[in-house]
Amino acid sequence: MGEIATTGNKGKGVRSDCFVTLELTGQGGIQLQVESKVAVMYGDSIRRETYEILEFFGIQHANVKIEDSGALSLVIAARLEAAIKKLITTNKDWLPLMLEENRYTTAKDRNRFSRLYLPGNSPSLMINAGIHKPDGIILDLEDAVAPDKKDEARFLVRNALCGIDFYGAERMVRINQGERGIEDLNYIIPYNVNLILLPKCENPEQLKAVDENIRKIQQEHNQTNQVWIMPIIESALGVMNAYPIAACSANTVALAIGLEDYTADLGTKRTAEGIESFFARSWVVNAARAAGIQPIDSVFSDVGDMEGLRQNVLRSKALGFDGMGCIHPRQIVVIHETFAPTPEEIEKAKKIVFAFHKAQEQGLGVVALGTKMIDPPVVKRAVNTINLALKMNKLAENWRETYA
Amino acid sequence: MLKFDKLVTNAAGRLVPTMVNGKPAVPYMGVGKYKPEGFRAAPRLSTCADYPADGNKVIPSLKEALIKAGLCDGMTISTHHHFRNGDLVATQIFDIAHELGIKNLMWYPSASFPCHEPMTKYLEDGTINRIEGSMNGALGRFTSEGKMKGLGVLRSHGGRYQAVQDGEVHIDIAVIAAPTADPFGDANGVNGTAACGPLGFALADSQYADKVIVVTDNLIPFPCLPWQINGNYVDFVVVLDKIGIPEKIVSGTTEITKSPDRLLLAEWSAKFCDEAGLIYDGFSFQAGAGGTALSIGIYFSEILRTRGWKARFARGGSNKYLVKMLEEGLVEYILDGQTFDLEGVRSMRDNPHHTWTSPFTSYNYHSKGNFSSMVDIVILGATEVDVNFNANVVTHSDGYLLHGIGGWQNTLFGKCVILPIPLFRDRMPVIRDEVTTICGPGDLIDVIVTERGIAINPLRTDLIEKMKNSSLPIKTIGELKAEAEKICGVPAKPKFTDEVVAVVKWVDGTVLDSIWKVDVE
Chain A
49 MGEIATTGNK GKGVRSDCFV TLELTGQGGI QLQVESKVAV MYGDSIRRET
99 YEILEFFGIQ HANVKIEDSG ALSLVIAARL EAAIKKLITT NKDWLPLMLE
149 ENRYTTAKDR NRFSRLYLPG NSPSLMINAG IHKPDGIILD LEDAVAPDKK
199 DEARFLVRNA LCGIDFYGAE RMVRINQGER GIEDLNYIIP YNVNLILLPK
249 CENPEQLKAV DENIRKIQQE HNQTNQVWIM PIIESALGVM NAYPIAACSA
299 NTVALAIGLE DYTADLGTKR TAEGIESFFA RSWVVNAARA AGIQPIDSVF
349 SDVGDMEGLR QNVLRSKALG FDGMGCIHPR QIVVIHETFA PTPEEIEKAK
399 KIVFAFHKAQ EQGLGVVALG TKMIDPPVVK RAVNTINLAL KMNKLAENWR
449 ETYA
Chain B
708 MLKFDKLVTN AAGRLVPTMV NGKPAVPYMG VGKYKPEGFR AAPRLSTCAD
758 YPADGNKVIP SLKEALIKAG LCDGMTISTH HHFRNGDLVA TQIFDIAHEL
808 GIKNLMWYPS ASFPCHEPMT KYLEDGTINR IEGSMNGALG RFTSEGKMKG
858 LGVLRSHGGR YQAVQDGEVH IDIAVIAAPT ADPFGDANGV NGTAACGPLG
908 FALADSQYAD KVIVVTDNLI PFPCLPWQIN GNYVDFVVVL DKIGIPEKIV
958 SGTTEITKSP DRLLLAEWSA KFCDEAGLIY DGFSFQAGAG GTALSIGIYF
1008 SEILRTRGWK ARFARGGSNK YLVKMLEEGL VEYILDGQTF DLEGVRSMRD
1058 NPHHTWTSPF TSYNYHSKGN FSSMVDIVIL GATEVDVNFN ANVVTHSDGY
1108 LLHGIGGWQN TLFGKCVILP IPLFRDRMPV IRDEVTTICG PGDLIDVIVT
1158 ERGIAINPLR TDLIEKMKNS SLPIKTIGEL KAEAEKICGV PAKPKFTDEV
1208 VAVVKWVDGT VLDSIWKVDV E
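Heads up: the protein sequence lines correspond to chains A and B, in order.
Just add 48 to wherever you are in the first sequence, counting from 1, and you've got my numbering.
Just add 707 to wherever you are in the second sequence, counting from 1, and you've got my numbering.
There could be a bad hint or two in this list.
As the list claims (entries may be wrong) - Derived list of chain B stretches under chain A, where covered just means 3 residues or more per stretch with a C-beta under 8 angstroms from a C-beta of chain A: (1) 835-847; (2) 963-971; (3) 1131-1142; (4) 1168-1175.
For the record, the hints were derived by calculation from the structure and aren't laboratory data.
Yeah, the Cβ is synthetic: ideal placement off N, Cα and C, and Gly gets one too.
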């Protein structure tokens, strides 16, 4: 009997995943058993790819069992590689093809209204995440993955970054805290991740360590693509250090707050109204704005309560946040619609921007609406509103031609 | 009796037999091409002299009724699926037949459900020779593995009515489970503990069968009103303790889907209808029972409410969501073939704007017209669609027969047929080069809505033109297929033997496709 490793998931309710049992035997060649709900369509290709991967890692004698509930090829490969690496030490990686459409980078000031959390060890939730058009998707290696599944999740997240099309969403990964988090970077940085979420950030040193390691890995791989960082403030100490954290690296684009852990740290409970976190939320908004980055709010966890979510977003927007996390695709539309400028806001912005252009055409130094002077920051805000409205199809590109 | 004979290629390009279970069969010729001649079949005449003058046709047991009806080898026995998975009657009939040593029966259900799995033992021991109707779940698997003695025949609801009317199928004994009945045999489905709504699937059987047995667990004194089934057609009435399990009668996919992917399909389907101008004041639609179809109703409601419009009528299975639309005034009439929950039953019973229909009024193709072609928007499902828009609802991509046709084929005659389906299920692409089984010709399927794009049938140049500047992701069906295969890989085809185990009939009675015995290694 050799050593046995198992990875993946099986059982009732498991979809688009597989469970791999690998036993190294030392003799007798490869004994492969595939049980698949798509055996008729993909049984042969699953067998072929399994042999290829085993050969790649130099495994000649093993009992392999794959219990497949319709996993994509890149999922089976991740499960198999994770099992192999539980048993042997190797510096080789079996990488799926990096899709051309996954090579994009993201701008510092892009919209970050919504970012959808996807548990890093659940392939079924990843495959269609992009079709719901969140501004960002988060492949989560931290809290959404059970402790004993954290190693195998790395391979799945890596393969997802290579082979799953998220249709233009900013590709984010939430790494673990501490040393494990630093190790996580090796599995994701080379595969065009756009942004790293750093959980439970309490001081700038933590962020700098991540930043430096990202640079190091990029140098090793001769890569120069921009990788942004979004620290998450989740403790009383983190709140107190919010500004130094926000301002310590040019790669930081946003500062997020995580309220479940924060309220626990305070010794209080999270409520719908959020009075207990009012200070922290305002403080984080202030720190982010002071550092010139985006303040991002916590998730709203009742996925069935769309009206509650809408109220929450309205409060969030009023406090100055630029976006929030979501844990269910149906929250995305509500978050976008509510963060988006209202028709009244757009009307007002149109008036101001139109007056601004008119003043410019006439060579006037000051912008006026009727007898009222308009300050430059007001114009700037109005321009932002218009840009946002254009981006969200709430305003026609040529609106000024018909505006009177 | 020969199951099937030589195979010919029909107009859909499929190999089909020209004889089915010893009777000649016409290969499919194309949509609207086959025109029947001759006359309606007629049941044997009866006389009042042979029936009790006091109108009391009650017989003490189902067994006695079956014996009195002349149950013997080789007969055709019909049942109906208005109790869906809560049916307690159909299996009892064959328990009795088995007990009496009867062989070679043909079971002619309007549909089968998982609760009918016990029938496999009667198919094995020869009590039942074959099923003509639908073979779902375990029965489908049994059929696909070539274990059924006779050849299975799959018909649509309309096709079933037409087969009886045309005399293609002669029913010897019809057993009609009725939630409420009187001793004369008048019956309805809107009252009683097993209330299920309409009994329309049993209409043809009551009119054309030699012997008709009504089975109820709620016998009331004459008259039983409304009489959806007329006692004048009925020979015997049997009272049982319980004929159905209420919570399984009104169950199934009658809740709005919570799946974000399916909600997206529903939202895009509704948006498509709106942008293509298919929704207007006075339009009509077919509402399905699936979670996605139900959600489309919610989006339709929003559109109608905003514009102050109404749908003139909605077709199909009713449920609480459709009833809500009726009661809110967003829909003027429900023409209901099958009721999916108790709200639907209540509405049908109490609201004159909610009426029951039968396959005769809605779907019968050999008639002077039917409702199905009047419907503006028809939303349906499918297991597979091919690049020519042909669709499959009965087999899966692994080759196994798992579902019946239901009213699916019949509703294809609606003015715009839309299939909201996921581009792939787990790893199974839905769009194929060729469907495993053709159930609906591509000429009648207009739009495929998937979560990664919407394909319009090239034949619908009008829709393509209307959607030219749409914000929705309009793609070709080839592009969608390529997209699925890029994600899932190219699927292999199932392996079949050269043995036909069942045929799929088209709505006009011609043979559209064959279902083959799977090659189990």
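A quick look at each hint next to the structure:
1. 835-847: Violated, because only 0 residues of the region 835-847 of chain B bring their Cβ atoms closer than 8 angstroms to Cβ atoms of chain A.
2. 963-971: Per the Cβ count (4), the hint holds.
3. 1131-1142: With 4 residues close enough to chain A, the hint holds.
4. 1168-1175: violated (count 0)
Violated hints, listed in ascending order, are 1, 4; each of the other numbered hints is respected by the structure.
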